[in-house]
Structures are given as C-alpha cells and as structure tokens.
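By our numbering, the letter at position 42 of the sequence shown is numbered 42, and the numbering carries on one by one without gaps.
A portion of the hints provided could be inaccurate.
When the alpha-carbon atoms are kept at most 27 Å apart in a straight line, the in silico BS3-like pairs for lysine-lysine are as follows [as the list claims (entries may be wrong)]:
#, residue 1, residue 2
1, LYS3, LYS196
2, LYS120, LYS180
3, LYS99, LYS211
4, LYS195, LYS211
5, LYS42, LYS154
Here are the simulated distance ranges between beta carbons [to be verified]:
#, residue 1, residue 2, range
6, SER100, LYS196, 32 to 40 Å
7, THR52, GLY192, 39 to 47 Å
8, PRO318, ASN27, 25 to 33 Å
9, ASN260, LYS97, 43 to 51 Å
10, ASN27, GLN332, 44 to 52 Å
11, ARG342, LYS196, 41 to 49 Å
12, LYS97, THR52, 27 to 35 Å
Just so you know, the hints here were simulated from the structure itself, not pulled from any lab data.
Positions of the beta carbon are idealized from the N, C-alpha and C atoms, including for glycine.
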Amino acid sequence: MIKYKFKSKQKDDFWNTLRSRVNGYFNDNQIEKNANQHMVIKSIVLFAIYLTPYFVLLFAGFTNLYLLMALWVIMGLGKAFIGTAVMHDSIHGAYSKNKSYNAIMSFSAALVGVDRLIWKIQHNVIHHTYTNIEDTDEDILPRFFFRFSEHQPKRWFHRFQHLYAPIFYCVPLLEWITTKDFVKAFEYRQMGLIKKGAEFRKEFAGILGRKLMYYAVFLILPIYLINIPVGQTILMILVSHAVTGIMLALIFQTAHVVPNASFIKAESNDLDTCWASHQVLTTSNYGMKNKILTWFVGGLNFQIEHHLFPDVCHVHYPAIAKIVEQTASEYQLPYYSFPSFRSAVAGHFGMLRDLGR
1 MIKYKFKSKQ KDDFWNTLRS RVNGYFNDNQ IEKNANQHMV IKSIVLFAIY LTPYFVLLFA
61 GFTNLYLLMA LWVIMGLGKA FIGTAVMHDS IHGAYSKNKS YNAIMSFSAA LVGVDRLIWK
121 IQHNVIHHTY TNIEDTDEDI LPRFFFRFSE HQPKRWFHRF QHLYAPIFYC VPLLEWITTK
181 DFVKAFEYRQ MGLIKKGAEF RKEFAGILGR KLMYYAVFLI LPIYLINIPV GQTILMILVS
241 HAVTGIMLAL IFQTAHVVPN ASFIKAESND LDTCWASHQV LTTSNYGMKN KILTWFVGGL
301 NFQIEHHLFP DVCHVHYPAI AKIVEQTASE YQLPYYSFPS FRSAVAGHFG MLRDLGR
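Sequences are here, hints too, so could you generate the full structure?
Here's what the structure looks like:
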C-alpha cells in the first residue's frame, strides 16, 4: 500500500482560496460543473468519428487497401479522442452529477479496449494523487527503456531514447488491451486497492467479459466480414491501435514529462508540500488558446486545471484557468504552460534527449 502523505489540505491556504474562487465562479454564473449541451454534442460527434468508419469497414464491401487503411486510421484517432474526452471525464465522475449516468458513459472504456476499474485505480487514485513521484506514479513509469528524470538510472541506450520513443509510444494500448488489465488486477489486489475474495473474482470476471467483447467486435468481426486476406486486416488493426497509442502517449506525456515539471524523489513518507501545490509543480499546460486542440483532446491541454479539479467537466477548464493562474501567482507558485502542442512535444523529446546524454 502507498504510504506517502501530503501536508493537510486544511492548512493549504492556496488550495482553500483557489477552491473558494472556483466554486464562486460556478455559483455566481449559475453553471453546473458537469457536462453541458456542448459536451453532449461533442460526445455524439466523437462516437460517430470512431464508429462510422467501423460500420463502413464491415458492411460497405470496400476492398481498396488504401481506403481501408484510411478508415482504420480514422478509427484510431476517434478512439483516442473518446478516451481523452468521454471516457476520461466519466470515470472521473465529471460527466454528470448522476452517478448512474457516469457509470453508463464510463462503459466507453470498453470501446477503447481498457478496463474502467483498472484505469480508475491507476489514473484517478495513483496518478492524480502521487503525480510524478518516482516509483509510484504509474502513468509516467518509464520502465527499462526510458529515463524520464534525473533520479532514474542511466543506461547506454538512453542516448537514443528520443529517437525510438515514437515507436515505443505506439505499443502501450496494445499491451493494455491484451495483458495489462489482468496483470494490474492481481497487483492492485495485493496492494489492497481491490478487495480479495468474491469481490475480486467478480471484478476479474467483468474484466475478462469486457475483453472478450472487445476482441469479438474489433478483431473477430472485421476478420470475418472484411473481404481481404486475414493478415492484411490484422495489420490494419495493429496500425489503428498504434495511432491511438501514440496520440494518447503524446497528450499525457507532454503534461508531465517536460522540462518545467518537477519529478519528486521522496526521502520519507511525509511529503514537504500540500497536495494542490504538488499538482501545480508537477504539471504543465499547452496550447491553451487553441480551441480545436482543446475540443479534441478533452481539455487535457489544461492539465493543471484537470489535476486540481478532476471532478469538473473539461469544457469548463478554459474559464477556470484564469482563476487558477491568478491564484497561483498570488501564492508565488509557478504556472507552467507551453504556447502550443507542438512546442510541448518538442520540449518532451528535448528532455528525453538531454536525460539520455
């Protein structure tokens, strides 16, 4: 079990002031913190981007390989954007104040190929609490092939990590839809994050059932119904997942594995900062003025706001960002932001290059 403890939130003047101001914004403007009509329309559009190519692939009878590949690539992009917008918000409980509706929308995780419970534990519980803490934050855990901070051991091949990173970033989703959910289920059971006994067996059966459904819908049916050689269909499916994987990797890595964000090597279980200050120090925004980027990535370019207020739907992040930046300045905290997604990606790969030298 993770034992790190932040300083009490009650003693965090920055957090208390910021929370009061953000709550005041919603109350004064009589706005709900959850999804509005724009978010509902966005959800419909994103599902259409993902599922329309799927049904065309299965039932239109096309055999042109270039057209088929284009449709699979569009599916890969649609899957990534469903993950960052619909799935992400609903698992955080930000889509609706109705828990049942959030639960329904969180089933979009099954369409992406990941299990919502495992995602919730790794992302909501661990990453959002222990952001960029070495050996704890699994969202940025580098494993053997990468060196993401100066605290991590350097190996000779890390000098090339900025070159091979794009290839490796294509892989995580493939791992997640095959083995990761099962491995993590047992790991989290040992950590006490999933109860043992009957509850674990129930959860594991649910993971298995949703995985089988995903394989049936997005592997078996395409192989059976698309009239081209099986090997070509499988290759296109792999490319589609690679597109989703690298998109998700770049969207998340550029928020935390960048030069301005702090990596923490905790010397004891008692951390020196309060939780809110820690989130600001370890997180970076990018492309805040780019409305198209914000729309597609589910507001995750406003990563600071998301980490501080994960229960707020992302459509509200641009508005509350002004409050967060002003309050951070008043309390002499940094507010990291790249002017564009492109500059954030450049910062990420530049950091990989420098850490590999």
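Now the hints, each set against the structure:
Taking the CA atoms of LYS3 and LYS196, the gap is about 20 Å. The hint holds against a cut of 27 Å. Between the alpha carbons of LYS120 and LYS180 the distance comes to roughly 14 Å, so the proposed pair stays at or under 27 Å and holds. About 24 Å separates the Cα atoms of LYS99 and LYS211, which keeps this hinted pair within 27 Å; it holds. Simply put, LYS195 and LYS211 have alpha-carbon atoms about 21 Å apart, close enough for the 27 Å limit, and the pair holds.
Straight-line distance between C-alpha atoms of LYS42 and LYS154 comes to about 43 Å, which puts the hinted pair past the 27 Å bound. Under the hint 32 to 40 Å, the C-beta atoms of SER100 and LYS196, about 27 Å apart, miss the expected range. Range check, THR52 to GLY192: about 43 Å between beta-carbon atoms, so the 39 to 47 Å window is met. For the pair PRO318 and ASN27, the beta carbons lie near 19 Å from each other, so the given range of 25 to 33 Å is not met.
The beta-carbon spacing between ASN260 and LYS97, approximately 34 Å, falls outside the hinted interval of 43 to 51 Å. Taken as a hint, the range 44 to 52 Å is violated for the pair ASN27 and GLN332, whose Cβ atoms sit roughly 27 Å apart. Roughly 47 Å separates the CB atoms of ARG342 and LYS196, a value that falls within the hinted 41 to 49 Å. A hinted range of 27 to 35 Å for the beta carbons of LYS97 and THR52 is consistent with their spacing of about 30 Å.
Checked against the numbered hints given earlier, the structure breaks hints 5, 6, 8, 9 and 10 and satisfies all the rest.
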